[in-house]
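Asks: The listed protein sequences correspond, in order, to chains A and B.
Note that my numbering numbers the first sequence so that position 68 is 64, with each residue one more than the last.
Note that my numbering numbers the second sequence so that position 31 is 27, with each residue one more than the last.
These are calculated hints, taken from the structure and not from any lab test.
There may be inaccurate statements among the hints.
It does not matter which identical chain is used: a pair holds within one copy or between any two.
Claimed, not checked - With a Cα cut of at most 30 Å, we get these calculated DSS-like pairs of lysine-lysine: (1) LYS47 x LYS302; (2) LYS302 x LYS348; (3) LYS348 x LYS422; (4) LYS15 x LYS31.
Given the structure is predicted, the values throughout are model-derived calculations rather than measurements.
2 protein chains.
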Amino acid sequence: MTERDRLSFVLHGAVVYSKDKDEMNCFEDAYAVCKDGISEGVFTKLPEEYKELPLIETGGQLIIPGFTDLHIHAPQFQFRGNGMDIELLPWLETYTFPEEAKYSDLSYAEKAYRLFTEELINGATVRASVFATSHRGATLRLMEMLEESGLVTFVGKVNMDRNVPDYYVEDTEGSLSETEKWLNEAAKKGFSRTRPIITPRFTPSCSRELMTGLSELAERYAAPVQSHLSENLSEIKWVSELEPDTSSYADSYVKAGILKKSIPCIMAHCVWSEEEEQEILLENNVFIAHSPDSNTNLSSGAAPVKKYLEKGMNVGLATDVAGGHSASMINAVRSAIRVSKLRNRLFDRDTKALTFPEAFYMATKGGGAFFGKAGSFDKGYSFDALILDDMRIPTTREDLSAMERAERFIYLGDDRYISGKIVAGKRIR
Amino acid sequence: MTERDRLSFVLHGAVVYSKDKDEMNCFEDAYAVCKDGISEGVFTKLPEEYKELPLIETGGQLIIPGFTDLHIHAPQFQFRGNGMDIELLPWLETYTFPEEAKYSDLSYAEKAYRLFTEELINGATVRASVFATSHRGATLRLMEMLEESGLVTFVGKVNMDRNVPDYYVEDTEGSLSETEKWLNEAAKKGFSRTRPIITPRFTPSCSRELMTGLSELAERYAAPVQSHLSENLSEIKWVSELEPDTSSYADSYVKAGILKKSIPCIMAHCVWSEEEEQEILLENNVFIAHSPDSNTNLSSGAAPVKKYLEKGMNVGLATDVAGGHSASMINAVRSAIRVSKLRNRLFDRDTKALTFPEAFYMATKGGGAFFGKAGSFDKGYSFDALILDDMRIPTTREDLSAMERAERFIYLGDDRYISGKIVAGKRIR
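Just chain A, with the same shape it has in the complex (with noise of 0.2 Å):
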């Protein structure tokens, strides 16, 4: 049997995904197909030209696309959940600063990745957006585990020359040098899965030079960008001082010419992104990674992220360990949904909370659209599948739908009901 034959089955059971922002499609008893990694749809009937192929027999179990985080930072795993009874300033310097700094340790870096990347297998996400941090060889010895994971991932030495301690800054040539060197040895690993995405920290950490020299890199090697925007009310003052000729947050991405069309961009947060941020955001596509856990525990406040879902923004969801506690997605869906009613309740009557079927086309629709077709059956879409047990989550009602068995996973699961997953066809747990 040839890797490709591997790529193709047809899994059965029930099956939920969003058709776009707002309906889901649902099936109580279903035939999801695989054909080379790449999903031929959804038939309540299995058609003739795919009875050769493997059957997956799930006994009745609920398949749903795999979720994308589209923001977290790796070397923040080893200390989420804890230090939460502090903001984003102070958080930096007493807890992410100097952890970060450990990876400059290559084995201490092998150790802490490998949790990180089991449990990134463990839970629900399929592809993601990730921070490293500033270490060269850490960033690549990372990007060679998540490719060996099958999880699909873009992976990113971070950047930053200024307003960051001594013992973790670069400076401007060398941070410009370093990261050359790594999309270099990057390219030359040959990986299938993991691509390396250009990642300026965020702009309090990153001279405008710096960022410019980012933003020729992004092009010269056809690499995308991530970064960080108005998570913070102290954080977007402190912009406003150090880049007084911007007339945004945003806008100094823009003029470090890194925020553009040309370049595909993920922006972490954007909870406090006024009407020309978000205009900003929205013509040049940029994906906004909401961070529900994060915002609130950081005490950052609340996206507006139906506003944006409604005027046609790009959004997906995101754990942003370690300001979020937890790596898993369904934590995140639950919190998009539950941060957006008190926001709603409590801030702004206008914004309506999101339901269900947004927050999960977010993180799996809407966030997968940074990779391509991803986050969906139809014809056509990257295969990404979780297969949930979720029928062991007690409870007498036997009769629940599909939708039903979905919300209620989201509100009640956890890894210990995904029973499969399978990424671009790829069957990693």
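Add chain B to chain A, keeping to what the hints say.
Replies: Relative to the frame of chain A, chain B by itself:
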């Protein structure tokens, strides 16, 4: 060995518990001593007099008091995590009443309450105040199961004589006479851990005549009372229309004679309680069951809990299944902090967010006080403990302090990490 002997032992491990609402007692390596089910205190060096007691060696596991769930609806457990896109009043009509009506069938109740009880045994809850349904038989059966579980609980037969669908409403006289029968039958069971609590559902579904009658029963049978208060803005408006001679929602309970100093009382929610209502609660020593998950899911709002604590009001935490999606008190502690952060950031900058120690306090000593001396390892408290194998939650950090371990458990833990549970000195898992 007698029963009393079995209730005496020494637990050796790391120990964390609340000193008061702001401060924690943290021991990296200590002995928690239980004698006849009562705590003798925590010692870094085991005093001579306890050296004869059986020593339970946890191997450095984390020992904390178990949690008190001050408000949970046992019959709603079966549909938790579903129907979360709607608010309180339609949610009651669509999900709650039809499910609760099923408990007229004792064989259904048996099956459903079995799942509920098992979940509580497996989780972090050691004590709970429980709403059952209006059915005497099913409520008694639930009490038997809870008694057998080893948990310490108050359980209430629900009363309601108006604004409830025909298939589930009671008439006033029938409701009172069933309640008295239930109180007598419960007394005959000779329970040692399970006590009845008078349970008018809430003002909208209880006439003043019914509540006045229940108040008489509460005093005659020396039973406490539990109900709901100021959860949702539509509900509050409805109460003001139903009871036009009252000055606040709480006043509807005062005027019915059921909220008074001589009757211990739990009121769930108090999301929108204003000054006058807060004074009523404070003067009458009412326990507020703060239910952050429920208040979020049903878009009710976020209670000003920090203010309540600062005023010296009694506040405990609650899951409020199934407004709360999860029966896990670990989630309730985490959510209390998180919801208060969003409340502070989005709604009321003057009321600070809760800290981890405050939320931990409410889940232990705060709510535990409704049961007497519970929720602490101070000398004289009932010995309730969770033994946590929290270091199985992956991290490279082997130097975590006991306090950091407790915070991390709240953010990342679940029932998988509870390796032992002791209630009133009795090991129940």
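Asks: None of the hints should be skipped; say for each whether it holds.
Replies: Results for each hint:
Neither within a single protomer nor between protomers do LYS47 and LYS302 lie at most 30 Å apart by alpha-carbon distance, with minima of 42 Å and 62 Å respectively. With identical chains, the CA atoms of LYS302 and LYS348 are at most 30 Å apart both within one copy (7 Å) and between copies (27 Å). Taking the shortest alpha-carbon separations for LYS348 and LYS422, neither the intra-copy value of 38 Å nor the inter-copy value of 49 Å comes in at or below 30 Å. Proximity of LYS15 and LYS31 under a CA criterion of 30 Å is satisfied intra-copy only: 21 Å inside one chain copy versus 61 Å between copies.
When each numbered hint is compared with the structure, violations occur for hints 1 and 3.
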